[in-house]
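Please build the complete structure, drawing on both the sequences and the hints.
Protein chains: 2
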Amino acid sequence: MSGRLKAVCLLSGGLDSATCLACARRDGYECYALSFDYGQRHRVELEAAARVAAALGAAGHQVIRLDPGVFRGSALTGGAEVPKGRSPERMGEGIPGTYVPARNTIFLSFALAWAEALGARDIFIGVNAVDYSGYPDCRPQYIEAFERMANLATRAAVEEGARLSLHAPLMRLSKAEIVCLAASLGVDFSLTHSCYDPAPDGRPCGECDSCVLRRKGFEEAGIEDR
Amino acid sequence: MSGRLKAVCLLSGGLDSATCLACARRDGYECYALSFDYGQRHRVELEAAARVAAALGAAGHQVIRLDPGVFRGSALTGGAEVPKGRSPERMGEGIPGTYVPARNTIFLSFALAWAEALGARDIFIGVNAVDYSGYPDCRPQYIEAFERMANLATRAAVEEGARLSLHAPLMRLSKAEIVCLAASLGVDFSLTHSCYDPAPDGRPCGECDSCVLRRKGFEEAGIEDR
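Quick note, the sequences are listed as chains P and E, same order.
Note that the first sequence ends on residue 226 in the numbering used here; no numbers are left out.
Note that the second sequence ends on residue 452 in the numbering used here; no numbers are left out.
None of these hints come from the bench; they were simulated from the model.
Check each hint, because a few of them may be wrong.
Stated by the list, open to error - Selected chain E positions facing chain P (in silico; Cβ < 10 Å):
#1 G254
#2 I290
#3 R291
#4 Y361
#5 E370
#6 A376
These numbers were taken from a predicted model, which means no experiment stands behind them.
Don't be surprised by glycine CBs; every beta carbon is placed ideally from N, CA and C.
In structure tokens form, the structure reads like this:
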């Protein structure tokens, strides 16, 4: 027993969630990484998640399989084309086809269940409202509302007054700031995977929103993306 | 195309959720019933859910499989003994072993995803805060907080201003009132299943909280439970 506080950390295997996990570790938590297999196009990210969890010393890593039918209709699960070549400025103009209905709500609900089972009072999620794709469930008001709901939902919160905190340490950072933070925390960029529509060999497409934002972040940070 | 508004209705196969589905039908909705297979002891309730959905004319019925490991530790999934012989008065004194961490939050999250995919703006859940087992996620303040979060989470709510409503029509009814309401709406009690710990042949144990509350409800309503 380490005596450290436990935290559940959502981990997709991308740069943001890896940096978020590194933040939780920096803050002294014993980290339990949680990933989801929902038939995403970019399933190679699950291998990245396992590498990142190991490299950052997670105490546990769980991959929950979700019925792919749940997210039918999103470009991320093959229901539509992944948009390509959008400039970062245009990404804020609307919610793109890669939006997955209620995805963060479902992910956070499972994180809440695991946190309660582990006796953890802290959940980390790497959402970001600056250089982002326009998803509604990445905004601060959404995160605050989920936290409020979670504190009414669980036995720990109600019987023991154990306040649950939902941490989104990247919320107000630009992509370049996230890259710098990741570098300062020792995140190995080569282990992460960001592309929504990788080639069969796992290589990023370079043109989806996620690739465009990642490239912009590294360029502005003046750091090489290996 | 019926032209009717669509609603997603959580359906366990028990008396309360069947009555809740009947309420949604009464209110004119085209109903899409949603059940979960999470390795519960009382899996016979899934057969009841299918019978109830058909009998009440649901336009669709989906059973989502959840990794049973998610709910490990609850008496409902074999992690502990199901408490027996508790009086209804004692049930309000604490959260029992049948509490499943974050269960309603996970169920409602999937309902939210399905609602968005269907273009539905209404979700029904048969929770009840009067004759209940003391679960935190059955209280009105929890339901209100989930609804508030949901209205910040989805594309429909954010882009189209489509307000999502979470209906809990049984919230303030006693079990006897639920029985009377069910009878008035033509719910066939014989199709429903309430027991947390049924015998291998599906017969109710008669002693778990759910059986005790059901019996009390029928007795007070003066209606026979077939």
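Results of checking the hints against the structure:
no.	hint	in the structure
1	G254	violated, 24 Å
2	I290	holds, 5 Å
3	R291	holds, 6 Å
4	Y361	holds, 8 Å
5	E370	holds, 9 Å
6	A376	holds, 7 Å
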